[in-house]
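Undergrad: Listed below are the residues making up each chain.
There are 2 protein chains.
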Amino acid sequence: MALSDRILMGPGPCNPYPDAVAALGRPMLGHLDPEFLGILDETNDRLREVWKTSNRLTFPVSATGSAGMEICLVNVIEPGDAVVIGVNGVFGGRMVEVAERCGADVTRVDFEWGQPVDPEQLLDAHPNPKLIGVVHAETSTGVRSEIGELGANKGDALLLVDCVTSLGGIPVEIDEWGVDLAYSGTQKCLGVAPGLAPVTVSERARQFIVARPRSWYLDLNLISKYVDGEGARAYHHTAPISMIFSLHAGLGAVLDEGLENAWERHETCGRRLREGLTDLGFELFAVEGHRLPELTTVTVPDGVDDAVVRSRLLSDYGIEIGGGLGAYAGKVWRIGCMGHTARLRNVELLLAALTQLV
Amino acid sequence: MALSDRILMGPGPCNPYPDAVAALGRPMLGHLDPEFLGILDETNDRLREVWKTSNRLTFPVSATGSAGMEICLVNVIEPGDAVVIGVNGVFGGRMVEVAERCGADVTRVDFEWGQPVDPEQLLDAHPNPKLIGVVHAETSTGVRSEIGELGANKGDALLLVDCVTSLGGIPVEIDEWGVDLAYSGTQKCLGVAPGLAPVTVSERARQFIVARPRSWYLDLNLISKYVDGEGARAYHHTAPISMIFSLHAGLGAVLDEGLENAWERHETCGRRLREGLTDLGFELFAVEGHRLPELTTVTVPDGVDDAVVRSRLLSDYGIEIGGGLGAYAGKVWRIGCMGHTARLRNVELLLAALTQLV
Chain Z
84 MALSDRILMG PGPCNPYPDA VAALGRPMLG HLDPEFLGIL DETNDRLREV
134 WKTSNRLTFP VSATGSAGME ICLVNVIEPG DAVVIGVNGV FGGRMVEVAE
184 RCGADVTRVD FEWGQPVDPE QLLDAHPNPK LIGVVHAETS TGVRSEIGEL
234 GANKGDALLL VDCVTSLGGI PVEIDEWGVD LAYSGTQKCL GVAPGLAPVT
284 VSERARQFIV ARPRSWYLDL NLISKYVDGE GARAYHHTAP ISMIFSLHAG
334 LGAVLDEGLE NAWERHETCG RRLREGLTDL GFELFAVEGH RLPELTTVTV
384 PDGVDDAVVR SRLLSDYGIE IGGGLGAYAG KVWRIGCMGH TARLRNVELL
434 LAALTQLV
Chain E
84 MALSDRILMG PGPCNPYPDA VAALGRPMLG HLDPEFLGIL DETNDRLREV
134 WKTSNRLTFP VSATGSAGME ICLVNVIEPG DAVVIGVNGV FGGRMVEVAE
184 RCGADVTRVD FEWGQPVDPE QLLDAHPNPK LIGVVHAETS TGVRSEIGEL
234 GANKGDALLL VDCVTSLGGI PVEIDEWGVD LAYSGTQKCL GVAPGLAPVT
284 VSERARQFIV ARPRSWYLDL NLISKYVDGE GARAYHHTAP ISMIFSLHAG
334 LGAVLDEGLE NAWERHETCG RRLREGLTDL GFELFAVEGH RLPELTTVTV
384 PDGVDDAVVR SRLLSDYGIE IGGGLGAYAG KVWRIGCMGH TARLRNVELL
434 LAALTQLV
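Chains as they are written, first to last, in the working numbering: chain Z, 84 to 441; chain E, 84 to 441.
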C-alpha cells in the first residue's frame with residue numbers, strides 16, 4: 084500500500100513536528116503508572132503556558148476538537164439556559180447545534196462569512212445570558228474575531244471560546260481576556276496528530292459545572308479526579324497514552340522554539356502567502372485586519388477549476404489544500420500553514436506549483 | 084526524562100503489536116485524502132472480520148472504549164425507554180450510569196462479582212425492554228458471560244454487548260449471537276494503543292437511531308456519512324489519523340496471524356498463568372468455566388502486601404499488573420495477557436518474579 088508523504092496545507096491536520104511524531108512510538112505505559120502521570124502533569128503545565136492561563140483544570144480531552152466544544156457546553160448548560168452564540172462560519176453554527184442538544188435556549192447572532200463577529204452585537208443580544216460563545220479563528224473562513232472586548236464586558240455570563248485554529252499560531256490570552264471555557268485541537272497550530280482536544284476551564288466556570296451532566300464520557304467532575312495533579316488519581320477512562328506522549332512532545336517543540344517565535348513564524352508564512360497569492364491574481368476572502376496567518380482564504384478565480392487544480396496539487400506535488408465549506412464549496416480555497424507546515428519553503432513550493440497550474 | 088519499557092500485564096493497555104507502533108509514525112494524511120479514506124475503509128473491513136459481522140456500520144469511534152459504550156446508548160435511547168442491564172462488575176455499573184444519563188428507565192439486575200450474568204434472569208427482568216445490555220468480559224473481575232442465549236431469546240429488544248476486553252482475545256460472534264450493538268477498545272486484545280473504540284451496529288439497530296441524539300460528537304447519523312464506504316464523504320469531525328493507521332496495522336497483525344490463532348495464543352497464556360499462580364498458592368477469583376484467558380484474577384494471599392508487591396514488580400522488573408476495583412481494591416489482582424503481551428515468555432517471567440516477591 085502507498086505511503087504518501089504529503090505537505091499538508093489544508094485547514095488541518097498539518098504536518099506534525101518531528102518530535103511529536105517520534106513520541107508516538109515511545110514505549111507504552113499504563114494510565115496509572117506514576118511515570119505516565121508525570122508526563123500528563125507536565126503536558127498540562129505546558130498547555131497552561133500555551134493557553135496563557137493559570138487555570139488548574141487544563142488538560143487534553145480524550146477525543147478530537149469537536150468533543151472539546153461539547154465538553155465545555157454539556158458540563159455547564161442545563162435545559163432552558165439562555166446562551167448567545169456568534170456565527171460567522173461553520174464552527175459557530177456547530178456551537179449552536181451542540182448547545183441546542185444540551186437543551187440551551189440559543190440566541191444565534193449571524194455575521195457575514197469572511198467578517199469577524201461584532202462583540203457589541205453579541206453583548207446586546209440578550210440581557211443576562213448564562214453563556215456567550217464565539218469562535219476565535221473561524222476555520223471555514225480564515226477570520227480572527229476579537230475576544231478581549233467580550234471578556235471585559237460579559238458581566239455574569241460565562242465566555243466560551245473556540246480556539247481550535249488559533250492556539251499556538253496567534254496570540255491566545257485566556258486569563259487576560261477573561262475567557263471562562265476554551266477548547267482547541269492538536270492537529271492545527273500545535274503541530275500534533277489529530278485526536279485530542281486541549282481544554283481549559285476557569286475557577287469561576289467550575290462553579291457552574293452541573294452535578295451529573297448528560298454525558299458520562301465528558302463529565303468534568305469525574306475526569307478532573309483523574310487529570311488533576313493533586314491527591315489520588317481516580318480512574319475514569321483509559322487515557323489515550325500515545326497521543327498524550329505526542330502532545331507532550333509537540334508542546335515541548337513549541338515551547339523550546341518559544342511561543343512568540345512560533346507565532347512569528349506563522350505570521351511570516353501567512354504574509355508571504357497572501358502576497359504571493361495576490362500576485363498570482365487571487366482575491367483574498369477574509370476581510371483585511373482579521374486575516375489569520377495560519378489559514379489563508381482566497382476566492383477561486385473564474386476559469387480555474389477548483390477540483391482539477393486541487394487534485395493535481397495532490398497528485399503532482401503531494402500538496403493538500405482545502406476547499407470551501409457550505410455555500411463556498413467550489414468557490415473558496417483554504418490554505419493552511421500550521422504547526423510544522425508553517426515554513427517558508429512550503430509556501431514557496433505551493434506558490435511555484437500554483438504558478439504552473441492556474 | 085525516563086523512557087521506561089514496561090511489560091504491561093494489567094487490565095489494559097497491553098504492549099501494542101510492533102506493526103501497530105510503527106504505523107503510528109506513518110506520514111500524516113488529511114481526513115479527506117483518498118489514500119486515508121482507503122485505509123479507513125480497509126480498517127472497517129478488518130474490524131468486520133474480527134467482530135465476525137457483516138454490519139455495514141462498523142468503525143472506530145474517535146475516543147476511548149467508554150465512548151463506545153456511550154455512542155451505543157445515546158443514539159438509540161430516548162427518555163423513558165425501558166432498559167435492562169446486567170451488572171456483575173464495574174463496567175456493568177458504568178453502563179447503568181450511562182443509560183440513566185440518556186434518560187433510560189433502567190432495570191438493574193445484579194450478580195455476584197466473580198460470577199457471570201444469568202441470561203434467564205436478565206430476560207425475565209422486564210416484559211418488553213427496548214434494550215438489554217451486558218458485559219461480555221468483565222474487566223473488573225475477569226469473568227466471561229454467555230451472550231448467545233440472550234441474543235436468541237431477546238425478542239424485540241436490542242442487545243448491547245460490551246466487548247472491550249473480549250474482542251481479539253476470545254471468540255466474539257456478533258452476527259451468530261444476534262448482537263445489535265457492540266463496542267470495544269483498541270488497547271486490550273487488539274494490541275493497539277488506547278484511543279479508539281471500535282463499534283458495530285446492526286441494520287436492525289440502525290432503525291432505532293433517533294433523529295437528533297443528545298450528543299453531537301457521537302451522532303451516528305452524522306458520523307455514518309463520513310465513515311460509510313459508499314457515496315460522498317461528508318466531513319463531521321477530523322478523524323484521529325495516526326491512531327487509525329495504528330489500528331489498521333494492529334488488525335493486520337491479528338489477521339495475518341489468524342484470528343483463531345490469536346485466540347489460541349491468549350488461551351495458552353491464560354492456562355499457564357492460572358496453573359503457575361495456583362502453584363504459587365494463589366486462589367483464582369473468577370468462577371471456573373467463565374475465566375477469561377486474557378485477564379486472570381486472583382485473591383491476594385494473607386500476608387502479601389498488595390501495594391508493595393505491585394510496586395516492586397514495576398520497579399524491579401518493569402512489570403505492571405492491576406489491582407482490584409471497588410470493594411476488591413487491595414484484595415484482588417488483575418493480571419492481563421492481551422494483544423502483543425500474550426506471550427508465554429511474559430507469563431514465565433511474571434511467575435518467576437512473583438516467586439521472588441511473595
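Some hints could be false.
Here are the simulated lysine to any residue pairs, SDA-like style, with alpha carbons at most 25 Å apart [to be verified]: (1) LYS213/Z - LEU115/Z; (2) LYS308/Z - ASP339/Z; (3) LYS213/Z - LEU408/E; (4) LYS414/Z - GLU183/E; (5) LYS308/E - LYS213/Z; (6) LYS308/Z - ASN304/E; (7) LYS213/E - ASN304/E; (8) LYS308/E - VAL391/Z; (9) LYS308/Z - LYS213/E.
Have a look at the derived ranges for each label pair, beta carbon to beta carbon [what the hints assert, rightly or not]: (10) GLU256/E - ALA317/Z: 30 to 38 Å; (11) GLY163/Z - ASP188/E: 37 to 45 Å; (12) PRO117/Z - THR351/E: 27 to 35 Å; (13) GLN204/E - GLY163/Z: 18 to 26 Å.
Reference excerpt, derived from the structure (chain E facing chain Z, CB under 10 Å, subset only) [as the list claims (entries may be wrong)]: (14) ALA150; (15) ILE154; (16) VAL157; (17) PRO296; (18) THR321; (19) SER325; (20) ALA390; (21) VAL391; (22) LEU397; (23) GLY406; (24) ALA410; (25) GLY413; (26) ALA436.
Rather than coming from a laboratory, the hints here were simulated on the basis of the structure.
All C-beta atoms, glycine included, are put in the ideal place defined by N, C-alpha and C.
Undergrad: Look at each hint and say if it fits the structure.
TA: Structure-based check of all given hints:
1. LYS213/Z - LEU115/Z: Roughly 37 Å separates the two Cα atoms, so the pair is violated.
2. LYS308/Z - ASP339/Z: violated (30 Å)
3. LYS213/Z - LEU408/E: The hint is violated at about 39 Å.
4. LYS414/Z - GLU183/E: violated (46 Å)
5. LYS308/E - LYS213/Z: Violated, at roughly 33 Å.
6. LYS308/Z - ASN304/E: At roughly 32 Å apart (the allowed maximum being 25 Å), ASN304/E and LYS308/Z break the hint.
7. LYS213/E - ASN304/E: Between LYS213/E and ASN304/E the Cα gap is close to 20 Å, so the pair holds against 25 Å.
8. LYS308/E - VAL391/Z: It holds: about 24 Å lies between the C-alpha atoms, which stays within 25 Å.
9. LYS308/Z - LYS213/E: violated (33 Å)
10. GLU256/E - ALA317/Z: 30 to 38 Å: Given range 30 to 38 Å: holds, Cβ gap about 35 Å.
11. GLY163/Z - ASP188/E: 37 to 45 Å: For ASP188/E against GLY163/Z, whose Cβ atoms are near 23 Å apart, the range 37 to 45 Å is violated.
12. PRO117/Z - THR351/E: 27 to 35 Å: holds (32 Å)
13. GLN204/E - GLY163/Z: 18 to 26 Å: violated (40 Å)
14. ALA150: Where the cut-off is 10 Å and the nearest Cβ of chain Z is about 5 Å from ALA150/E, the hint holds.
15. ILE154: Interface hint status for ILE154/E: holds (9 Å vs cutoff 10 Å).
16. VAL157: holds (8 Å)
17. PRO296: holds (8 Å)
18. THR321: holds (5 Å)
19. SER325: Holds, because the Cβ-Cβ distance from SER325/E to chain Z comes to roughly 4 Å (cut-off 10 Å).
20. ALA390: Violated, because the Cβ-Cβ distance from ALA390/E to chain Z comes to roughly 12 Å (cut-off 10 Å).
21. VAL391: violated (15 Å)
22. LEU397: holds (7 Å)
23. GLY406: Result: holds, 9 Å to nearest chain Z Cβ.
24. ALA410: Violated, about 15 Å.
25. GLY413: Because about 13 Å separates GLY413/E from the closest Cβ in chain Z, which is outside the 10 Å limit, the hint is violated.
26. ALA436: violated (17 Å)
Going down the numbered hints, you'll see the structure goes against 1, 2, 3, 4, 5, 6, 9, 11, 13, 20, 21, 24, 25, 26, while the others check out.
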